[in-house]
Amino acid sequence: MQKSIEKTGRLLLAMTLTLGVAFGAQAAGSDKSKEGDFVRGARAWAENCTRCHNVRDPKELRDDQWKTTVTHMRVRGGLTGQQTRDIIKFMQESN
Amino acid sequence: MRFKKTLLACVVGLAISQTASARSDLEQLKAEVEALKQEVASAAEWKSPRTLVHMAGYASVGYTDTQNEPGTFKMGNFSPIFHYQFSDLVMLESELEFEVDEVGNTDVSLEYLTIDWFMNDHAALVAGRFLSPLGNFRQNMHPSWINKMASAPVGFGHDQAAPNGDVGLQVRGGFALGGANANYAVFLGNGPTLEANGFGGFEKLESPGLNGNGDGTFVGGGRFGMLFPDKKLELGLSAATGDIDIRTSTSGPVYEGLKRDYSVLGADLTWRPGNFDVRAEYIRQSVGSRAASSVPGSADWTAWYGQVAYRFYPSKWEAVARYSNYDTPGEENDRVQLAGGVNYLFESNFIGKLDYESNDNPNDGYEADNRFLVQLAYGF
Numbered sequence: 001m002q003k004s005i006e007k008t009g010r011l012l013l014a015m016t017l018t019l020g021v022a023f024g025a026q027a028a029g030s031d032k033s034k035e036g037d038f039v040r041g042a043r044a045w046a047e048n049c050t051r052c053h054n055v056r057d058p059k060e061l062r063d064d065q066w067k068t069t070v071t072h073m074r075v076r077g078g079l080t081g082q083q084t085r086d087i088i089k090f091m092q093e094s095n
Numbered sequence: 001m002r003f004k005k006t007l008l009a010c011v012v013g014l015a016i017s018q019t020a021s022a023r024s025d026l027e028q029l030k031a032e033v034e035a036l037k038q039e040v041a042s043a044a045e046w047k048s049p050r051t052l053v054h055m056a057g058y059a060s061v062g063y064t065d066t067q068n069e070p071g072t073f074k075m076g077n078f079s080p081i082f083h084y085q086f087s088d089l090v091m092l093e094s095e096l097e098f099e100v101d102e103v104g105n106t107d108v109s110l111e112y113l114t115i116d117w118f119m120n121d122h123a124a125l126v127a128g129r130f131l132s133p134l135g136n137f138r139q140n141m142h143p144s145w146i147n148k149m150a151s152a153p154v155g156f157g158h159d160q161a162a163p164n165g166d167v168g169l170q171v172r173g174g175f176a177l178g179g180a181n182a183n184y185a186v187f188l189g190n191g192p193t194l195e196a197n198g199f200g201g202f203e204k205l206e207s208p209g210l211n212g213n214g215d216g217t218f219v220g221g222g223r224f225g226m227l228f229p230d231k232k233l234e235l236g237l238s239a240a241t242g243d244i245d246i247r248t249s250t251s252g253p254v255y256e257g258l259k260r261d262y263s264v265l266g267a268d269l270t271w272r273p274g275n276f277d278v279r280a281e282y283i284r285q286s287v288g289s290r291a292a293s294s295v296p297g298s299a300d301w302t303a304w305y306g307q308v309a310y311r312f313y314p315s316k317w318e319a320v321a322r323y324s325n326y327d328t329p330g331e332e333n334d335r336v337q338l339a340g341g342v343n344y345l346f347e348s349n350f351i352g353k354l355d356y357e358s359n360d361n362p363n364d365g366y367e368a369d370n371r372f373l374v375q376l377a378y379g380f
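Top line first, the protein sequences correspond to chains A and B.
Its first residue numbered 1, the first sequence is counted upward by one per residue in my numbering.
Its first residue numbered 1, the second sequence is counted upward by one per residue in my numbering.
No lab work stands behind these hints, which were simulated from the structure alone.
Computed from a predicted model, the values in this text were never measured in an experiment.
Any given hint might turn out to be false.
To be verified - Restraint ranges, calculated between C-beta atoms of paired labels, are given here: (1) A:39 to B:231: 20 to 30 Å; (2) B:347 to A:35: 23 to 33 Å; (3) B:36 to A:62: 14 to 24 Å.
Virtual Cβ for every residue (Gly too), placed ideally from N, Cα, C.
Only chain B is shown next, with the shape it has when bound in the complex (with noise of 0.2 Å):
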């Protein structure tokens, strides 16, 4: 008998010795729970702030066979892009561009910044350093991940016939006119940078974007280009005017004080039938004459470009060819260039390339070498 009492109080404690832990479970649980409910209202709260952050960008890396030089590796360039957005009426972009030169220093420059105030449904202001609005290849083909080929056409690239960029500011924007869309870009800046080269002669014409205006003069234009959606087809005209100044130092802001005039003019076509790629751009930089100056001749930086692609739909496989011909007032750096290629698109951002270049120098005495490229671009 005594034992059944004591083992029913043993039963009985530790029924309620469980109970009480149960309760203390349950609290714990519940506690958990609120704790979980006011995170998540919180997250909530940054489903849709006014304040977005976003980075983007693109890289590439590979590998050339130039002729007579051996093969090397290459990291093409890594251009991380920020995006700092305020509601619908601000927005912030900037791209880096670092590139790793043949002795491994690593070289970053600013491809552009600007403040886009989104001043109506037809119109934004773009203020800072830009990409040149003149033509289509240097302001939106050039990302390794959307130009097709591992190289740009020949005076295409930086600082060659095609304006690269300018810092000033730019109205740009759309609206529909008939049954197309027009697009348009205008803009006022510092201008290009020309430098002589000695011997009666211009070194070069360059617009990395100047960060003054050393020679006192602005130059203006802009593109406009017509959208024709049903015929997947759009074409576009570029044109520019100013004044510009021989650069005398090649380390600061020192110019010749002679005046001459400057002038862009630029065309291109993007045409989309079928699995067809087709491409074309013409663009050319024009210095005027002045007399007195230590180079008193006018001058011409030309450069064109046709390429057409094709996707071999369903596969993943593109084959692209490219013509380019860049004129410049010298000799020596002019090129004609025929390149083909085939592309995989791993995805429609991450793409393998593997070019064919034959290039040419068509002046007498003057030699282009050939050269292999591959590459892996992406875009993110």
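Pulled out of the complex, with its shape left as it was, chain A reads as follows (with noise of 0.2 Å):
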């Protein structure tokens, strides 16, 4: 049980140290830029669309469907926010 307890005290603490390490990365991104790039998004979507992926059209969805489409792959392929709102912006724009 002590065992146990430990282990799970473990996990909580690495756990929190990722938050803390994402937050982190958060507050020191002095760069960031809010609004999508085109360009940045077209170079984001060579780069990690293909990771898993065939590479799909822009055209084959409308700008509402892409947004939750990407946003979808930003949790599965680990993408930051900004380069989320590059791809889509690339995306919308190429449609």
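Using the supplied hints, reconstruct the complex from the two chains, each of which is provided in its own coordinate frame.
Written as structure tokens, this is what we have:
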């Protein structure tokens, strides 16, 4: 029981540290721009989408569909929020 | 003279009548234009709503001809994925899986259901039932339109060596690290379930995503990946640890009450030089020994695979070869598989596959059947 509590404690500590790193990375991101950027989006799209699957044609989906799809891929692929906004911008302006 | 007056009266009357009719048409036209304007304005209001709803998913159908068995048509699976997103704050994601068994019954399962809270640009809290973040194939490569072969590598199917899912909490995200992009996922969940076979060995180790914590222990871990964009290379390391207990009843959460160590270790590689697509992954789940248990010994479930695909641009043809190996505590389910196939990409998300698998059980006294597989996969 004691061992189990220790293990769970270590895991919770690891998650807390991860959150700390994540928030720290956010705070350190002085060059962050909230708006999506077409050129950066094209690059992020080329670098990330083919990590797992064949590249999808921007014309496959409407603007609103690209927003949900790329947000889903943010979670799946470990993209940053900025990369997500950039890719959404690129897909929405290329469809 | 009288005739001329009558004719003039008729012409004037007709003209007045037509003018009135034209006015009426004009009024109607104006009303229709106004209604149309309102409809367009109303539609524009919904071009950027704060809540978005979208359905995606994938499905596959095929034909399998297994050695020593009759060939059979197959409905692989239908897996709709639902996305509900509110602004950039939160997204609900859920995937269902519909499958039809050999006697025609339809099975439905909830692959995952999570509420994803985007805390900041580098971290999302993912809560609910999720695909295991350990390794790469189970969480990212298994959908039929993504997997370049018609089957999963041996050991990477449902409830084999690669953990399938869990219920709990995850934090996932990414950040720049030097010239590379790092991505991570850490989780804490209810963990897998372990069953004995009644003969002093283990029957199975499953991680379907238990909606309960009957053995009173959590399992935690994660994956850390580094993507080097200029080299088109991604490397990932996965690990998890916790305790596990043998479930003694298949119908309920009844356990032995004797906890033992549980751990997972994995590594994965993705490399895409030129027209090649190279993937490899290793995963091992281990349970420790425990004296006084009905199964006192320790055990490992280990699997690995390597796959190379080559796209013949500008054509739509692709060739793929894969070697995979699955080692279990028993002997019956061990597999060594060499598989090869060709794919035709009608579109990037609509793929025809023709594969041949050479399957072998390396243990004396066991055999595994070879098979041909044909599959049409569509991701939508």
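Margin query: 14 to 24 Å was suggested as the range; check whether the CB atoms of residue 36 of chain B and residue 62 of chain A agree with it.
Written below: 22 Å, holds
Check: Okay, residue 347 of chain B versus residue 35 of chain A on CB: inside 23 to 33 Å?
Finding: 31 Å, holds
Next item on the list: Could you see if the CB distance from residue 39 of chain A to residue 231 of chain B stays within 20 to 30 Å?
Entry: Roughly 22 Å apart at Cβ, these two residues keep to the hinted range, so it holds.
Going down the numbered hints, you'll see the structure goes against none, and every one checks out.
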